[in-house]
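Colleague: Go ahead and model the full structure; you've got the sequences and the hints to work with.
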Amino acid sequence: MFPLLTLSLSLATLTHAYIWPSPQLDALEAARFDQLGLDGEQLAGRLNPCDSFVFALDGSGRTNAADWIRTAWSDVATYDASAGTGGLDASIRFGEEQQRPENAGTSASDTFAVVTPTRYIGYADTLALMTTMAIENCGGPVIPFRGGRVDATEANAPGVPQPQQDLSSHTAAFARAGFSQTDMIGLVACGHTFGGVQHSVYPNIVNVLNEPNDADDVADFDSTFVTFDNNVASEYISGTTKNPLVVGFNDTTNSDKRIFGSDGNVTMKSFAQSPSLFASTCSSLFARMLDTVPSGVELTDVITPLPIKPAFVEFSLNNKSLEMAGQVRFWNQTQSQVGTVIMLWDDHLGGTGIETLKFFGTGTYKAGQVSSAWYGFNTSSPNTNKILNLDPVAGVERLRFLVNDQVQDQGGVGFAVQDAYMFSDTSCITLNEPQIGLVVGRLDVAVRTSANLTRLYIETSGSDAFGRVTVTETDITRPAQPVVPNPAYELWSLTVNSTFGFTIGAVVDGEKFSTTLGRSVNTNQWPACPGVLI
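Just so you know, the sequence shown maps onto residues -17 to -1, 1 to 517 in mature numbering (1 follows the signal peptide of the UniProt record, and there is no 0).
Treat the hints as calculated values from the structure; they're not laboratory data.
Glycine included, each C-beta is placed from N, C-alpha and C at the ideal position.
It is possible that part of the hints are untrue.
Heads up, simulated DSS-like pairs for lysine-lysine below, C-alpha to C-alpha not over 27 Å straight-line [claimed, not checked]:
{"#": "1", "residue 1": "Lys225", "residue 2": "Lys252"}
{"#": "2", "residue 1": "Lys303", "residue 2": "Lys341"}
{"#": "3", "residue 1": "Lys225", "residue 2": "Lys240"}
{"#": "4", "residue 1": "Lys240", "residue 2": "Lys252"}
Cβ pair distances, simulated, as ranges [as the list claims (entries may be wrong)]:
{"#": "5", "residue 1": "Thr287", "residue 2": "Ala155", "range": "33 to 39 Å"}
{"#": "6", "residue 1": "Arg381", "residue 2": "Pro417", "range": "40 to 46 Å"}
{"#": "7", "residue 1": "Val125", "residue 2": "Gly484", "range": "31 to 37 Å"}
{"#": "8", "residue 1": "Thr287", "residue 2": "Ile419", "range": "46 to 52 Å"}
Modeller: If you want it as structure tokens, here you go:
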């Protein structure tokens, strides 16, 4: 620990999308912008390269990107603006919707097969994120993304337009969902810059093709079907298109031809003449599409990246020492641009701690077009990523970062952290029954005696009948005579077993908090309790 530092440094002025920490926004921001590389969310890896298709070997003719976009539209297309029902709520994950002729094929089931909802990001938000990634990472414009969608508990009413329907039916379906005729032309063109029509799903539209690298006989909408560009428009206007919904052998199903020509080709000509107009129009329309949600659902503001963002900040008590683990991300900056990073922290005694951080790795966004530098909280052992031997009495209240002679502190508020409670390394194994795969342990949680902590509990995740993540809270009560490992903390305990993982939650100053690191009873990490043989 160091005495209070006097810093005569200029303060950086940054515009923040939100104040860190905010669990839901932190999770959405990470999923949105930490895509590949260090701490990547991995969904973007299924778009690398953009002709990837996870359910078949190379050369199937299908792509994840096209499936994700189609699934999102099919989910949105059920929206009824007048009734406020339908929209992007992931109702298409239900078999009832997937089995309808309007959703023929396996696009939706394949899409949701790679979706894992989390505590803060459900099916619907994940589908919106996947669609955004598919467009952005495969050559498209940035899509303003909001979170906060609510997952449906049942299938919505039918309503996805089908190729054999006439123009008036299509116009009415788009109008019901809140889109004009011009919007309809744009959405179809924007969506059909990816993918095509599969013979096995629509044999009345596409014949067997017998083409190399197209085992599933997919007739593409344009010549660059794995990349966002305006070729779907330019090829249509020039008369060179092979779009099976424009020049298909069955004119009844040439729905793109009818839609594109419904305004005398005015919109498609403008797209063909201006790639930038096409891109900006698609950005706006895709954002509107993804933001089409049932009435009563309130979306977040547009998620933008925090320029400096701590992550995975976690405290633990190791005997009499306070340990702090974590990382900090510098958005859209390389290690050479960031340079030396000094972390400062304000403690409970009015002092300030200081530590020079070590470069930890690089993460990327938008198919590697944007890189972010990550620094770990420990200079000597980045693999453990801990600062050891902090004074538990002083503790830590908030973080700041000194970078290029500027203090980064969210406009003066700092990056608040919570050391009112934490995992204690005195946690131990009380029973080990390997023959039945059961391990029982005593979880010890260190509670700061000066904190206004009114409730302590563990959180275990499960799912409800609709696949949505649920969190069950099990209280940890204060013992009559708690163990006091040091002057600042006392230990509260709970018996836990290896059948579930958990996080630790608490109510401090009337606000709920949750640890970021999931834990479980583990004989490789927890010692045996005194007198117990394992």
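Colleague: Using the beta carbons of valine 125 and glycine 484, state whether their distance is inside 31 to 37 Å or not.
Modeller: 36 Å, holds
Colleague: Just to be careful, I want the Cα atoms of lysine 240 and lysine 252 compared with a cutoff of 27 Å; is the pair within it?
Modeller: With Cα atoms ~13 Å apart, lysine 240 and lysine 252 stay inside 27 Å; holds.
Colleague: CA of lysine 303 to CA of lysine 341, is that 27 Å or under?
Modeller: Roughly 25 Å between the alpha carbons, so the hint for lysine 303 and lysine 341 holds.
Colleague: Sort out whether lysine 252 lies within 27 Å of lysine 225, counting only the CA atoms.
Modeller: 17 Å, holds
Colleague: Just tell me: holds or violated, for the beta carbon distance of threonine 287 and isoleucine 419 against 46 to 52 Å?
Modeller: 50 Å, holds
Colleague: Would you check the hint for lysine 225 and lysine 240, treating anything up to 27 Å between C-alpha atoms as holding?
Modeller: 11 Å, holds
Colleague: So does threonine 287 sit 33 to 39 Å from alanine 155, Cβ to Cβ?
Modeller: Check passed, 36 Å falls within 33 to 39 Å.
Colleague: Mind checking the hinted window 40 to 46 Å against the Cβ distance between arginine 381 and proline 417?
Modeller: At 44 Å between Cβs, range holds.
Every hint, counting from the list given before, is met by this structure.
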